[in-house]
Amino acid sequence: MSKTLFLGDEAVAQAALDAGLSGVYAYPGTPSTEITEFIQNSKQGRAGEVHSIWAGNEKTAMESAIGMSYAGKRAMVCMKHVGLNVAADPFMNSSITGANGGIVVVVADDPSMHSSQDEQDSRYYAKFALIPSFEPSNQQEAYDITYAAFEFSEKYRTPVLIRLTTRLSHSRAGVERKAERPQNELHIEENPKQFILLPANARVHYRTLLGKQDSFEEESLNSPFNKYIDGADKKMGIIASGIAYNYLMENFEGGKCPYPVLKISQYPLPSKLIAKIVDECETVLVAEEGYPFIEEQVRGILNRTGNIIGRLSGALPRDGELNPNLVAKALGLPDTYGAPIPDLVVPRPPALCVGCPHIDSYNAINAAMEKYGKGKVFADIGCYTLGALPPYNAIYTTVDMGASITMAKGAADAGLRPVLAVIGDSTFTHSGMTSLLDCIYENTPVTVMILDNSTTGMTGGQDSHALGVLGEICKGLGVKEDHIHRINPLKAHHEENVAIIEKELEYEGVSVIIPTRECIQTLSRRMKKQQAAKKQ
Amino acid sequence: MKIDIILAGVGGQGILSIATIVGYAAVKRGMYMKQAEVHGMSQRGGDVQSHFRLSDQEIASDLIPMGKADMIISVEPMESLRYLPWLNPETGWLITNDQPFVNIPNYPDFDKLNAELGKLKNKVVINADKIAKDLGSARSANMVILGAASPYLGIPFEEIESAVRENFARKGEDIVNVNIACLRAGKEFAEKL
Ligand SMILES: Cc1ncc(C[n+]2csc(CCOP(=O)(O)OP(=O)(O)O)c2C)c(N)n1
Ligand code: SF4
Numbered sequence: 000m001s002k003t004l005f006l007g008d009e010a011v012a013q014a015a016l017d018a019g020l021s022g023v024y025a026y027p028g029t030p031s032t033e034i035t036e037f038i039q040n041s042k043q044g045r046a047g048e049v050h051s052i053w054a055g056n057e058k059t060a061m062e063s064a065i066g067m068s069y070a071g072k073r074a075m076v077c078m079k080h081v082g083l084n085v086a087a088d089p090f091m092n093s094s095i096t097g098a099n100g101g102i103v104v105v106v107a108d109d110p111s112m113h114s115s116q117d118e119q120d121s122r123y124y125a126k127f128a129l130i131p132s133f134e135p136s137n138q139q140e141a142y143d144i145t146y147a148a149f150e151f152s153e154k155y156r157t158p159v160l161i162r163l164t165t166r167l168s169h170s171r172a173g174v175e176r177k178a179e180r181p182q183n184e185l186h187i188e189e190n191p192k193q194f195i196l197l198p199a200n201a202r203v204h205y206r207t208l209l210g211k212q213d214s215f216e217e218e219s220l221n222s223p224f225n226k227y228i229d230g231a232d233k234k235m236g237i238i239a240s241g242i243a244y245n246y247l248m249e250n251f252e253g254g255k256c257p258y259p260v261l262k263i264s265q266y267p268l269p270s271k272l273i274a275k276i277v278d279e280c281e282t283v284l285v286a287e288e289g290y291p292f293i294e295e296q297v298r299g300i301l302n303r304t305g306n307i308i309g310r311l312s313g314a315l316p317r318d319g320e321l322n323p324n325l326v327a328k329a330l331g332l333p334d335t336y337g338a339p340i341p342d343l344v345v346p347r348p349p350a351l352c353v354g355c356p357h358i359d360s361y362n363a364i365n366a367a368m369e370k371y372g373k374g375k376v377f378a379d380i381g382c383y384t385l386g387a388l389p390p391y392n393a394i395y396t397t398v399d400m401g402a403s404i405t406m407a408k409g410a411a412d413a414g415l416r417p418v419l420a421v422i423g424d425s426t427f428t429h430s431g432m433t434s435l436l437d438c439i440y441e442n443t444p445v446t447v448m449i450l451d452n453s454t455t456g457m458t459g460g461q462d463s464h465a466l467g468v469l470g471e472i473c474k475g476l477g478v479k480e481d482h483i484h485r486i487n488p489l490k491a492h493h494e495e496n497v498a499i500i501e502k503e504l505e506y507e508g509v510s511v512i513i514p515t516r517e518c519i520q521t522l523s524r525r526m527k528k529q530q531a532a533k534k535q
Numbered sequence: 000m001k002i003d004i005i006l007a008g009v010g011g012q013g014i015l016s017i018a019t020i021v022g023y024a025a026v027k028r029g030m031y032m033k034q035a036e037v038h039g040m041s042q043r044g045g046d047v048q049s050h051f052r053l054s055d056q057e058i059a060s061d062l063i064p065m066g067k068a069d070m071i072i073s074v075e076p077m078e079s080l081r082y083l084p085w086l087n088p089e090t091g092w093l094i095t096n097d098q099p100f101v102n103i104p105n106y107p108d109f110d111k112l113n114a115e116l117g118k119l120k121n122k123v124v125i126n127a128d129k130i131a132k133d134l135g136s137a138r139s140a141n142m143v144i145l146g147a148a149s150p151y152l153g154i155p156f157e158e159i160e161s162a163v164r165e166n167f168a169r170k171g172e173d174i175v176n177v178n179i180a181c182l183r184a185g186k187e188f189a190e191k192l
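Protein sequences, first through last, are from chains A and B. In terms of numbering that gives the first Met the number 0, the first sequence has 517 at position 518, counting the first letter as 1, and numbering is strictly consecutive. In terms of numbering that gives the first Met the number 0, the second sequence has 142 at position 143, counting the first letter as 1, and numbering is strictly consecutive.
Honestly, the hints are just simulated from the structure, not real lab data. Careful: at least some of the hints might be erroneous.
[Stated by the list, open to error] For the chain A half of the interface with chain B, some residues (derived, Cβ under 10 Å), not all of them:
#1 E320
#2 P323
#3 P339
#4 V344
#5 P349
From a predicted model like this one, the values you see are computed outputs, not experimental measurements. Even for Gly, the Cβ is constructed at its ideal location relative to N, Cα and C.
Next comes chain B alone, as it looks inside the complex (with noise of 0.2 Å):
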């Protein structure tokens, strides 16, 4: 099994914290993981990406070769769509927030921007902020996203709850909770289209 994800966003959105579960729940399954991350001056509230690899094989780049991503889950439309010349134009998946990040002057019309993700044949978007918000942890929106990308990981989805669990686990119960709470809505969300 093997399977490639494009992480998308803005500076500081945590899609890092996206992979720490995923790979942590990889690691544990014995599989193998690349992830290439961006440090650096694009941290500044520019677009962020990193290129996430797992295999139950051993893995040769760090880098995903365009065309060939089965996933790009994002926290960001516009940014979502920024990696759709990696994503397998046939059998690829995008997974992405549909609440705008505005940063910028220039951001595209939000209806153009939803007429193009509309385009797309696989697909999940999630208003995944009010999700969270409504569970009670705006800041969770990113546990969303994975929630609804997590029928299409290949990974069992209680060893992402486990996951998702031990990650935050020195923050507290409630904090946990409401995490799982939201990975949960996410899945349910995907699982319904």
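So here's chain A without its partners, still in its complex pose (with noise of 0.2 Å):
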């Protein structure tokens, strides 16, 4: 069969649909967006015969997931890293109901915080859930993984996780296909208790998931994805997860490595194979994209060997991602360098498009805000959020999605006065609806501005679930009709902008501003498709 230029992201997708995938639940996150857009764009997701359409948030996706298990068929989960912390609810608790069709958790990781507020490790919340992981070291394997995924889930009544990290979700390399597979039969167990955690009933399937462990650890040990490939010099050993396993084999021509190494792309560990390659090697090198998993297992908190190195003894960096080179000098093989950076290339940020809505929000922000001094604005994650850079320089703080209502209200609760929340109407939806009811409740004097640009922006224009309807929202949330306002983020409308911000700050109450303008990114791809339309 001939080979396909798959992202990482894509092969994912594709294996998902070919082992007969029925739905995608998803919240877009870079590196993990394309995942669910490839699906979207294929031609069962363009028939409707793939449920593809984006969750209002991880949790959400993650529910779906489970009840599209509970009625017997395939569905997969996508999100970034820290979407997982906001599904972490029912993720943790779908280890215990465990599966009925298939249930695949896709996280894609980013270290070196490429795009994202950390670089947490998601194979600890795969273990933490005592689940299978994998975490594929190329394109082929993200897609040989996935297609077993499922049935390795359905194998065990369990969901599995897929790991996934920024360098592999965003290259591409030629993928071979297998089989389509069909869909699942819509089939509900005959009995289903396992879906009702009550404490008698979750205590028993817990004890069904402890009992699966010594399973797992088995298949890991016999798993095609984990490799021990032998070597004749034994001063040293390596063990290498994931897409670190390819900067390993970078440094060796055709790959001959002369240590033993052990190559892990599936979990939990199998013990066996690393008493193996500890018990046969000098030092081992542990080489692993992100925290110290597999490091901190090995070598355990005493490190009573002391022949374990890697990210915590110093011989890898600690944070970031690793690369050829990184891995060559801790290998004790000549580092290499082209010429330095020269003096006078600096450096080139992200910024807010020409013409970008937020600009004149965050314009009239700062003329509102002048007299009352800095720190008083709570900002949320999206393309708003570089107003933290010059010339904005608008915003003080930026933590989870939907953070900017309830920071304001915590300090808000403190004394602060007055405090302003700017949020994305994408983040709104997705977590901010919660937050701002906390603030109706008690009447906390807090004035919201929800930047309506008719989009999720940051991740490449997803729609966003309030389309049109965000007055309606606040209104039904319980926002006083004469404290919300809808005002046109334009140089124009700049001074009016001004004074209803000014006004609505004074408010001792729950005020929402909404400021409406289409995204410049996807107004003009929607001009460009309708002139094409046209054209035709």
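From the two separate chains plus the hints, produce the assembled complex.
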């Protein structure tokens, strides 16, 4: 069969489709977004044969997938690493319910924080939930693992996790596909008690989960994705997981490493293979992308043997992405380098697009806040986070989706006046609505600006769940009608916009101001499409 | 045969279409390919790069080791210099547009920038914007750059040409022709150096 060029994300998506997926549930987030977009644009996605509409957030996505599994069909959940924090409650409990139709949770981690606020490692979540996880090293493996993961999930009636990292998600290579498998038939269990997590049931199912642990490890031992490759020189042995395996092999012509190598792409760790390499080799280097997850387990807190090296020992950096050069240094091989970057090269940070509506919103916010001094604007995550940079320097916090409103509330509770929260439309429906409800319940003096650009701009322009109904949502939650304003973020309306913000900042209660103007990027895409349609 | 390329530019300048075209030609020849792209935050007018690797053997790493790249292909002059640590200091070639994209207040002095480019041993510095504009398609500067890089790619020019044809086919004959013209103009420029 011929190969198709796929991003790591696309390989996962294609494999899921080929494995008989019935629904993908996801909220966008770099570097995971392309998985769902690929399915949306696929033949099955466009025909509506596979569910692929974006979910409101990662928690609702995870719950929908459990529901689809309950009904006997195969479901996939996709998110970026921090999304799993939001989905953690249903995720953890899904390991207790177990699966009926296969559930595969795909989480894309972002070491080096290219587009994220932390570099947490999702392998810990899988271990925490006591479920198997997989970590593909290349695009073909991303395909093969996803295809196999659904089988695994149904064989052991357990959700499984696939961990991707940025470089694999966003790197392209040739992939060979497998045969297409039909979707499962609808079938619910005759007595689906497993999904009623009353303590009495949960205790039983937790023990069932514990009982599966030995089989999970046995599977890892015999997995085609874990490999023990012997080498003659036992002075060193290398455990390399996921994409770190590629960086290791890059350092040896034709992939001929003189040392024994244990390649890991399936967890829980196969202890027999770990024991073999540790017993055979004088020193064992652990190369892994992300946290020292394997290294920590292999050396233990006592570090009795003292011969396990990696990110904890300092042989590799404790944080950030790996690359072939870092692995070369850890192996004691000569490092290579071109010429240094000339001094005149300056950083080019990302910036709001020319004509972005957020620019006018920030100009109005800065004008209105001037008399109150610094430190009173609480923001959130999205394109508008760039308001933290010059020339705006307009915001003081960005923590997690939805935190703007609730942090402003906490600061107001502490006595800070006035406080302003800035949140995007998509972030508001993701996690801001319950925050706003907290403020309404107590009539906290906060002014909330929901920047409505009709889209999820940061991640490339996915539909926003509250398109055209933000005002209604706020009213429904209980914001008083005369304290809800739609404004037009344009230079021409600057003065009146500033006046509205100033007035609401003085109000001792909850007010919502919604600057409404479409994202320039989605607007120009829409215009191009319209023109193309006209030409035909 | 193995060739490692760093593609460089500013988010939105379309460096990826260069990769798509060369990748298409390479895969047609039965070569292996790996291409690490940058998506997300940096796409908002920040610096973007792509590690693009071709080989007749299987490729291990998605990232090119430092000091080992055969070529930097850049659609912006300052961005081309950002990746010098990756370029092979002896044998590497730098092919870049000489037209700055200024979206930051502290962009370096143009003369100093040109002087820095002038110091490099193996280079093609080309005003791709002007050539593309003169040929009637300002947006095809990246095809001029690709043309200028084509003598060093180790892929027959006709095969790159047909990949360009293939890539633009659905946009109509006129667009195909102007892009081919840009590609050829870039090639001629590089060959005259
Ligand atoms: C829990 C979580 N999920 C997803 C993301 C990725 N993400 C960052 S900002 C954003 C959406 C922003 O959309 P919106 O609030 O409408 O602002 P815009 O970018 O359009 O200005 C997303 C999906 C994240 N950082 N955290
Ligand atoms: S993508 Fe849209 S929302 Fe984001 S900066 Fe550009 S115009 Fe603004």
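Each hint, compared with the structure:
no.: 1; hint: E320; verdict: holds (9 Å)
no.: 2; hint: P323; verdict: holds (4 Å)
no.: 3; hint: P339; verdict: holds (7 Å)
no.: 4; hint: V344; verdict: holds (5 Å)
no.: 5; hint: P349; verdict: holds (4 Å)
Of the numbered hints given earlier, the model fails none.
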